[in-house]
Amino acid sequence: MIKNITKLSLILLFLSSNAFSESVFDEAKIFKNIRCLVCQGQSIADSNSEFAQTIKIVVRDQIKEGKNEKEIYDFLSNKFGEWIIYKPKFNYRNSILWLLPYLSLILGGILIYKFLRKRKN
Amino acid sequence: MKFKRIVFFTIVFFILVVFFFALKKSNIYNTKNLIGQKIEPFEIISFENNEIVTEKNLQENNFTLINFWASWCSPCRVEHPFLISLSKTKKVKLIGVNFKDKKRNAQNFLNTLGNPYDLIVTDNNGTYSIHFGIYGIPESILIDKELKILAKFIGPIDKDDYKKIFEIIKNDKKYN
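Order-wise, the sequence lines are chains P and B.
Residues in the first sequence are numbered consecutively from 1430, following this note's numbering.
Residues in the second sequence are numbered consecutively from 102, following this note's numbering.
With the rest of the complex left out, here is chain B:
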């Protein structure tokens, strides 16, 4: 009888512990595990002149923001003014990855809203973006000169993200 009781209470306790931790855990998916990792070597075609762009092009500045965008993506229009402001500060190099887009539409998008990017590359079928851990558009990755991922922004960059970028740059002891 005593043995049965112990078994019963152990099982109940175990179930409660599992539920407690499982329900406490956030189910919202994010790719924060990428932070701290280094960007793998890559070769992508440039948007403007079909030249090959590699990871070395990302090492020219202390900080680089890689922004994944497309002309068909409406949240990209929302974040565009922030990217324009960011480009004016000259503190971050901006790389735009044009995702699954038509060149003419992308060009119209930039002509209408302005071009904040120092360099644009083309990802026609979206496969390069998978190597950066991208699963939706827009997304942005802030990296340092050593290609280490400092922050990842899922969705359009807003006021808070804009501030966060400057905070990260300001607090980074390596390049200040």
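Here chain P stands alone, though its shape is the one from the complex:
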């Protein structure tokens, strides 16, 4: 009986610690991706400004309400514009920003390939 209770307690402890670490992780990840609008190049994770403190409360409240990362970012972008999120969304306006590194990589690869082929010949 005692063994079973101990097992159950350990399982519960493991599950609760896991859930806690997950929520802390999510929270920290979200904080790092939100720009502090009243600071110079800082995320709200790095800032102690009034604005950063308030946004942290709002994010925590929304996590408690069960909102996911995307929903939180959508809410903040809707209120403060896309500028508030560090990682830009993939849409037609940001497409160059997202695709350019891959295109450069492919173009670079082609150029290197051509150069090496020419050298071999």
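Careful: at least some of the hints might be erroneous.
Claimed, not checked - Straight-line C-alpha distance at most 20 Å; calculated DMTMM-like pairs for lysine to aspartate or glutamate: (1) B:K139 to P:E1500; (2) B:K133 to P:E1511; (3) P:K1508 to B:E247; (4) P:K1508 to B:E144; (5) P:K1518 to P:E1500; (6) P:K1508 to B:D245; (7) B:K201 to P:E1479; (8) B:K203 to P:E1479; (9) B:K189 to B:D245; (10) B:K133 to P:D1503; (11) B:K125 to P:E1511; (12) B:K201 to P:D1490; (13) B:K126 to P:E1511; (14) B:K139 to P:E1511; (15) B:K253 to P:E1511; (16) P:K1496 to B:E141; (17) P:K1508 to B:E156; (18) P:K1493 to B:E144; (19) B:K204 to P:E1479; (20) B:K139 to P:D1503; (21) B:K249 to B:E144.
Calculated from the structure, these hints are not laboratory results.
Once you've looked at the hints, dock chain B against the given chain P.
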């Protein structure tokens, strides 16, 4: 050789175009994208009697100015005479959102400088203000009866903003 030249000039052209547009774009942050949007439903506690105030309270007048203020905010003292004048005209309903403030200090502020507000609500931890897209104090939002945001004023209301409020009201065909 020709291919290399084309690639080189394309890259240079692309960089110049990106720089041209990026440098032309203003880096001053604003929340003008909120203009035209409707205010979301909300529930805030009243400053005076802890009653619940909702968006319906903002639909009693054709135009409402929601002003975010605090007793600790010195620019709020600068804009206060404009709010007092605005309240005297009776053309706009004034709602004050007392932001992260102590009730006693806020009351002293109003006793000293006058109370221009038709209704005051309390935002103790500042979270309600985030729902209005507020990121600093003072800020003001002008809305119409349908809760549509007509203008947003970042910083203290000055002479120009005061004139702008009347211009917007005058030019709004829906309520004139």
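_Hint check: K204 of chain B vs E1479 of chain P, CA-CA at most 20 Å. Holds or violated?_
holds (19 Å)
*Would the pair K1508 of chain P and D245 of chain B pass a check requiring their Cα atoms to be no farther apart than 20 Å?*
Given that 20 Å is the threshold and the Cα spacing comes to 19 Å, the pair holds.
*Take a quick look at whether K126 of chain B and E1511 of chain P sit within 20 Å of each other, Cα to Cα.*
holds (15 Å)
*Would the pair K1508 of chain P and E156 of chain B pass a check requiring their Cα atoms to be no farther apart than 20 Å?*
Distance of about 17 Å is within 20 Å: holds.
*Given pair status - E144 of chain B, K249 of chain B, alpha carbons within 20 Å*: The given pair, whose Cα atoms are some 17 Å apart, holds under the 20 Å limit.
*Take a quick look at whether K203 of chain B and E1479 of chain P sit within 20 Å of each other, Cα to Cα.*
holds (16 Å)
*20 Å Cα cutoff - pair K1508 of chain P, E247 of chain B*: holds (19 Å)
*Does the structure keep K139 of chain B and D1503 of chain P at a Cα separation of 20 Å or less?*
holds (16 Å)
*Holds or violated: K1493 of chain P with E144 of chain B, Cα cutoff 20 Å?*
Distance of about 19 Å is within 20 Å: holds.
*asked:* Tell me if the straight-line CA distance from K1496 of chain P to E141 of chain B falls inside 20 Å.
replied: holds (17 Å)
*asked:* Can you confirm whether the C-alpha distance between K139 of chain B and E1500 of chain P stays at or below 20 Å?
replied: holds (19 Å)
*Do the alpha carbons of K133 of chain B and D1503 of chain P lie within 20 Å of each other, as the hint requires?*
Judged against 20 Å, a Cα distance of about 17 Å means the pair holds.
Checked against the numbered hints above, the structure violates none of them.
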